[in-house]
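Peer 1: Here are the chains, one letter per residue:
There are 2 protein chains.
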Amino acid sequence: MMDEVDENCPLLRHGRQGATPPSPPPTSEVLNAAVHQLNAVIEGFGARDDPGHGDDNSDGEFEASESALNHQHTHRPIHHVCRTNYGINNDVEDGNLRNRFQPAAEDVVPSSPKITIESLPDMNQLSNAYESLDYDDCENDLFLEEERRKGYRHILKVQLARWVIVFMIGVITALIACSIDICIDQLSAIKFRIIKYHYDRCMLIGCMSVPFFIWVSWDALFVGFSSILVAYGEPVAAGSGIPQIKCFLNGVKIAHVVRIKTLLFKVIGVAFSVVGGLTIGKEGPMIHSGAVVAAGISQGRSTSMRLDFKATEQPSSLRYLINFFLSQIFEYFRTDQEKRDFVAAGAAAGVSAAFGAPVGGVLFSLEEGASFWNQGQTWRTFFASMVSTFTLNIVLSYYHGVPWQLNYNGLLNFGKFDEISYSGFEIPVYAVMGVIGGLLGAFFNHLNYRISVFRRRYIFRRWSQVMESMLVATITTVVAFVMTYMVVDCQALGKDPIEHPLQVFCHDGQYSSMASLWFQAPEASVRSLFHDPYGTYRPLTVAVFGFAYFFLACWTYGLSVPSGLFIPSLLTGAAWGRLVGIVIKIMFPTAQWVDVGKLALIGAAAQLGGIVRMTLSLAVILIEATGNISFGLPIMIALMVAKWIGDFFNEGLYDIHIKLMRVPLLPWEPPPMTHNIRAKEVMSHPAATIKIIERVGTVIDLLQTCNHDGFPVIEEDLPVAQREGEIPGQGLLRGVIARSQIIVLLVNKVFIGRGQTAPHVNMATFRDTYPRYPAISDVHVSVRERELFLDMSSFMNPAPYAVFDNTSMPRIFKLFRGLGLRHLVVVDKFNQVIGVITRKDLARYRFESHKGNVRLMEIPITS
Amino acid sequence: MMDEVDENCPLLRHGRQGATPPSPPPTSEVLNAAVHQLNAVIEGFGARDDPGHGDDNSDGEFEASESALNHQHTHRPIHHVCRTNYGINNDVEDGNLRNRFQPAAEDVVPSSPKITIESLPDMNQLSNAYESLDYDDCENDLFLEEERRKGYRHILKVQLARWVIVFMIGVITALIACSIDICIDQLSAIKFRIIKYHYDRCMLIGCMSVPFFIWVSWDALFVGFSSILVAYGEPVAAGSGIPQIKCFLNGVKIAHVVRIKTLLFKVIGVAFSVVGGLTIGKEGPMIHSGAVVAAGISQGRSTSMRLDFKATEQPSSLRYLINFFLSQIFEYFRTDQEKRDFVAAGAAAGVSAAFGAPVGGVLFSLEEGASFWNQGQTWRTFFASMVSTFTLNIVLSYYHGVPWQLNYNGLLNFGKFDEISYSGFEIPVYAVMGVIGGLLGAFFNHLNYRISVFRRRYIFRRWSQVMESMLVATITTVVAFVMTYMVVDCQALGKDPIEHPLQVFCHDGQYSSMASLWFQAPEASVRSLFHDPYGTYRPLTVAVFGFAYFFLACWTYGLSVPSGLFIPSLLTGAAWGRLVGIVIKIMFPTAQWVDVGKLALIGAAAQLGGIVRMTLSLAVILIEATGNISFGLPIMIALMVAKWIGDFFNEGLYDIHIKLMRVPLLPWEPPPMTHNIRAKEVMSHPAATIKIIERVGTVIDLLQTCNHDGFPVIEEDLPVAQREGEIPGQGLLRGVIARSQIIVLLVNKVFIGRGQTAPHVNMATFRDTYPRYPAISDVHVSVRERELFLDMSSFMNPAPYAVFDNTSMPRIFKLFRGLGLRHLVVVDKFNQVIGVITRKDLARYRFESHKGNVRLMEIPITS
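First to last, the sequence lines map onto chains S and E.
Residue numbers for the first sequence follow the working numbering, so the first one is 1 and each next one is one higher.
Residue numbers for the second sequence follow the working numbering, so the first one is 1 and each next one is one higher.
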């Protein structure tokens with residue numbers, strides 16, 4: 001999406017998104033100069049890199065202070081080099097400006113909060129390659145004209161269209177979920193039938209290498225195919241997609257994340273990976289799929305598929321009629337804001353289809369994405385979720401031969417916990433299990449973080465990614481095979497309705513319960529651990545199984561295949577939870593309350609909570625998936641304790657991966673203790689501005705040399721006395737215009753001057769280019785036209801949000817987060833533009849809490 | 001709360017909150033003049049009052065247009081008298097200002113959106129008596145100093161304190177719920193035992209007047225007592241309290257709504273009303289109680305009870321130690337924002353206790369109150385809900401003699417629907433029932449609206465309110481008695497575990513099922529209708545019962561007693577839902593799927609949804625209360641259809657009552673089609689401003705004559721050429737200071753001048769007066785001190801949110817709603833103050849949709 005970026009921007013330096021080389025990235029000379037300058041300053045100030053002193057005002061640390069910033073008439077901006085925006089800022093080129101505000105050494109009064117600079121591990125960087133979504137309406141004249149023309153009836157029509165689209169999102173998401181499920185079901189059946197045939201045959205005649213090789217090669221091939229799809233086809237389809245959707249809902253555009261191609265490869269890939277026996281689930285990818293479906297349907301077009309349902313100008317064909325009809329539904333939602341709302345609904349529908357948890361789905365999309373709560377939007381999201389569950393139910397009821405018996409709530413069915421009950425004294429047990437889950441989850445996340453860093457450094461070539469996936473698949477199969485061989489745990493057949501019982505070394509009429517755990521879909525194994533009666537598994541079986549699954553799952557997540565994290569987490573947790581139950585049962589054989597299935601459920605919840613650290617939504621998903629409300633409190637206690645314990649050590653796995661992607665995500669709340677960081681320190685300045693009426697040539701030159709997405713529009717006619725020591729204003733703020741708007745104006749040659757009148761453009765002209773407008777390099781303008789003028793006044797946003805230069809960080813943060821801004825203009829007290837703040841400028845200030853130490857970091861932005 | 005308001009404000013005219021006389025209120029001469037002027041203008045323009053033309057651009061209507069507002073340098077403000085802020089604005093007194101911008105007649109170009117003025121029914125007014133809550137931090141020097149002094153450890157401590165408080169909220173709310181429940185249980189048992197004794201005795205010897213009079217007088221006395229408590233004690237304790245809590249969460253302070261006294265009277269009142277046999281529930285008041293508990297606990301003090309847990313200066317006593325310890329928890333939450341968050345948690349805990357629906361509780365407080373979603377806050381709210389359910393469970397398990405069997409999920413227990421299932425073809429049936437529910441709900445709301453208007457006009461004296469309550473109680477009892485007498489529906493005893501079976505005219509071994517419906521708590525009747533087997537009730541019984549209950553409930557809601565709306569709605573709905581089931585069963589005796597209990601549940605959901613129009617939260621509450629997730633889709637369909645149908649006619653009952661209270665509530669979204677309404681038309685101007693350094697006397701005079709809550713602080717040193725036709729600026733905006741802050745400064749005599757140095761004040765000084773600061777009339781300043789100066793620079797908010805004069809309505813709305821503002825300064829393009837926008841200025845623009853017609857109204861603000 002950054003194709004139009006030119007590298008020679010004199011103001012701001014963004015990079016191309018590429019293979020994301022490990023840090024430090026190859027930087028321009030300018031950047032190197034900045035880093036050198038920085039290092040010198042750090043040495044000069046004697047900066048320490050010690051995170052252990054988060055709360056005392058120890059001297060010598062590298063800190064900022066503005067004790068008397070707001071005194072009347074004594075306003076003096078203080079700039080610290082520690083807050084230099086690496087790469088994004090223009091301090092170095094504009095050295096004299098920066099130096100003018102350089103404080104004398106004695107100005108730097110030690111005080112909290114501290115800002116320390118990390119030793120730059122992979123997580124503490126932000127990438128410049130991501131664009132932001134813009135949720136702010138540009139209320140220019142065209143917008144007003146369109147609103148006036150359409151009238152109120154239009155509003156009702158749009159409302160209705162929203163419901164229609166949301167209904168379609170629910171149905172199609174569910175159909176995709178069904179396809180995946182049925183596909184996996186059929187393929188797995190074939191796989192297990194073949195292997196079981198050879199297994200049973202060879203146990204007698206001693207050719208165990210045959211089923212072994214069939215099994216290994218089946219798995220390696222399937223996983224390899226899936227990995228090829230992802231690595232060579234669409235890398236963003238890897239993983240669960242939840243981190244990517246979270247970023248999208250937060251307001252960061254990740255390239256290709258909601259494209260049809262991504263959906264296709266994700267769906268096929270996850271089916272093949274699951275059939276290939278990896279320790280993954282299909283639930284996370286379902287959430288991503290729902291989001292893609294929503295983005296696609298709501299827009300009514302696919303650039304990849306060259307479809308566009310909008311009213312065309314040639315009323316000649318059937319196609320016109322179809323288009324006309326569909327354009328009544330689709331055309332109005334081509335803005336970031338509408339798209340985001342639909343994507344939230346799609347993600348909820350995905351959760352709903354995956355877990356049969358419509359309420360959990362709504363809460364998931366709220367928890368992961370919403371900045372604000374809107375009743376109508378929430379209700380539509382819930383509708384999408386319900387439609388999704390309902391459709392899935394109907395289709396699966398047919399598939400399973402019981403039409404219209406709507407009992408298949410989701411892909412993942414934990415089975416009913418009807419008879420579950422608990423007493424108050426069991427609560428401490430659940431809390432302890434929460435502690436275990438939190439510790440194991442934190443360990444899992446740390447391990448996976450290490451693996452991911454290793455992977456980013458050494459396994460970034462496509463073929464190596466495919467090889468790694470196949471290696472993991474092979475090892476998983478080998479582990480399964482070996483365990484089945486080594487751990488003999490024979491159970492009488494018929495105790496448990498198992499689909500593919502393997503006899504292995506057991507007597508006739510028995511089956512190996514260890515083999516059965518490996519030899520079925522992971523969802524079925526979760527169900528077995530929850531519901532199989534006490535005695536089905538020996539302690540050693542579940543212990544060894546859980547141990548192996550933990551490490552395999554940890555290695556697997558992050559491979560270049562579509563893979564969900566929920567099922568492996570739940571399975572690991574269920575294993576150790578059941579183990580806890582078995583151990584208690586052995587120690588206190590008379591304890592009536594011990595139900596191994598119940599403890600397995602708590603273990604699963606604690607483990608999952610310890611890894612993903614979701615809160616309410618996860619609790620509700622688990623409650624809905626188990627179909628039991630009265631057991632909600634134990635689940636919540638386990639989840640909460642697990643989250644608390646886990647958060648003591650590190651973050652949730654999704655957040656870790658988001659940070660590894662170097663996405664400038666805005667957290668829920670502004671970093672604490674940042675009220676004394678002011679807009680003038682956060683902003684980039686001077687801003688790249690445009691005059692209300694500007695020469696075409698000047699505009700083109702600006703766009704070619706600068707990749708900003710929004711430009712303050714200024715008026716330069718005010719003679720204000722500049723006070724000593726203040727940042728010079730760049731002209732009165734009159735509006736803001738987006739890069740895409742300017743390019744549309746250039747492409748349509750909306751020029752004035754020399755008797756020329758500008759051709760008419762309307763909102764549809766701008767909407768048509770959404771979301772992929774041409775690059776500035778594709779705009780061709782003649783030499784004569786370069787001398788004409790562009791009049792921004794009808795196209796710019798005439799009342800942009802702006803803040804004063806002494807506005808505090810939390811206020812700016814709330815504006816960005818609460819209103820979904822993409823850029824915010826900073827003005828001085830005379831309303832003169834002095835800078836621009838973008839999402840990245842804010843995301844650079846990151847608050848971290850680690851093992852009881854808290855600190856504020858300022859992290860660098862890399863290309 | 002408005003004690004400090006002086007009537008002689010030259011700028012803005014607010015009124016005292018009093019007995020709220022019916023419209024039109026007695027107005028000042030100024031207001032009359034405005035209305036006259038307005039009428040003249042309306043006649044002159046030929047305005048019609050026809051709401052039926054909401055969507056065409058018909059000429060002659062009274063409209064506003066600003067087609068070319070934003071053209072460069074041609075900015076011309078257009079003011080229409082139709083947008084006059086009755087009473088709040090200063091047009092008339094400042095006539096020459098307004099007239100200067102009066103457009104010539106030809107300037108008024110007809111265009112949409114239309115703004116029509118209503119004939120002022122009771123709903124279309126806003127009261128000036130409500131204060132707003134302020135969620136914006138005032139980041140002045142003291143604030144920064146405190147932040148710096150406390151450091152990071154303080155943040156962790158505050159976090160911990162939040163969890164402790166939330167835990168306490170959950171426990172105490174549940175304990176209150178238990179007390180109410182047990183109290184009602186015991187009193188009802190006594191009542192029914194006495195009446196049953198006389199009933200059974202008199203059936204034999206024919207003295208039926210004895211039980212009749214006992215019953216009637218018991219009910220009238222109990223209800224009368226409850227009504228006296230409310231009418232003479234605390235009028236705000238009347239009703240369910242949900243509208244009031246909704247207002248509080250929305251940001252409007254309703255006097256006394258979260259006081260301890262209100263809680264006390266509400267709790268006692270609801271117990272007595274329920275025992276008095278009114279057609280009400282105890283669930284709504286539980287939600288209000290939870291909110292009061294939360295507000296009280298979080299503040300750590302009660303002004304009414306003269307308790308204040310904060311660190312005092314005399315370290316001499318045990319009391320000091322206790323105070324010191326508790327102040328570590330409580331002192332930091334004395335801001336509107338923190339209080340709001342805790343109140344949301346308290347309301348959720350209340351829902352959780354009432355319905356055993358912790359997730360529903362969280363969603364309730366989000367749906368009713370949240371402007372934005374915050375993960376941490378939501379998780380804490382959920383914790384409060386869970387703790388509340390858990391505590392209630394434990395206490396009730398002891399009360400019912402099965403300690404630690406945690407099966408009593410909430411006060412309202414629908415009983416388990418274990419065996420419920422449905423097929424896809426039943427969906428249309430549920431949709432039709434949704435239509436019925438929507439129609440009945442809309443009818444209920446309309447009727448109740450009429451009754452409420454009547455009540456406001458004619459029954460506003462206290463004794464008449466008490467009389468009405470007793471009358472309703474009497475009639476309810478008479479209706480119950482007569483029905484029991486007239487409708488004979490005998491059922492064999494033992495079919496149904498009924499607590500107080502009445503034989504009436506039935507044979508021995510039988511009981512009257514009609515009598516049993518009336519002769520038990522309404523909750524128990526709901527349960528009976530849901531779970532009693534087919535055949536327990538004859539069609540006539542449920543029909544007559546439902547009919548009577550509908551009208552009684554409609555009359556009862558709004559009486560001067562604490563009363564919940566959920567139970568009567570559910571009971572009415574369950575009655576007609578069961579009737580539908582019985583009728584279908586009679587028509588198609590072989591239909592296996594017809595389960596009268598299931599249809600009663602759907603009817604109950606549809607009826608409740610048709611009345612309150614809640615969405616997701618109601619669905620989840622019902623799902624949780626029935627303990628059955630798989631039946632969620634039918635419930636949701638019924639709710640959704642009921643809401644759609646009902647919304648076609650009118651609003652939810654809570655919203656109707658909020659409008660009758662004339663509260664300036666901000667809806668979820670800005671009114672549509674208002675992008676061409678600009679800040680300069682919405683604002684009040686000129687603003688009451690204060691200079692950064694201002695003479696004490698001037699400040700006092702200003703406060704005495706003007707009841708604004710926030711004052712822009714200006715600097716007057718900029719010579720800017722005023723352009724022709726523009727609104728004159730009032731000086732450069734440098735900050736905003738709140739009325740309460742100025743009063744604290746005056747009380748503490750923080751004056752400068754004549755060699756005097758201001759005494760030291762800190763944040764605690766300001767926090768101590770929260771939320772009830774002294775009135776300006778209580779501030780006494782000597783003549784000498786009047787000549788000293790106040791320096792606002794360290795105390796004002798130095799970077800307030802401000803917008804330009806051409807900012808559109810939706811943008812302003814989003815700022816208010818998204819950031820929880822109380823006032824917003826409007827500046828011109830030179831950053832000179834030209835006006836102030838408050839919540840009321842926004843709430844005046846109301847969008848209404850009624851029977852397919854939509855329109856934008858501008859409603860007047862009355863005192």
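Careful, some of the hints might be misleading.
Copies of one chain are not kept apart here, so a pair can be met inside one copy or by any two copies together.
With a straight-line Cα cutoff of 30 Å, these simulated DSS-like cross-link-like pairs (lysine-lysine) come out [to be verified]:
#	residue 1	residue 2
1	Lys829	Lys691
2	Lys196	Lys253
3	Lys191	Lys157
4	Lys851	Lys840
No wet-lab data here; the hints were simulated from the structure.
Peer 1: For a quick check of understanding: which of the numbered hints are violated here, in increasing order?
Peer 2: Violated hints (numbers, rising): 2 and 3; every other hint is consistent with the structure.
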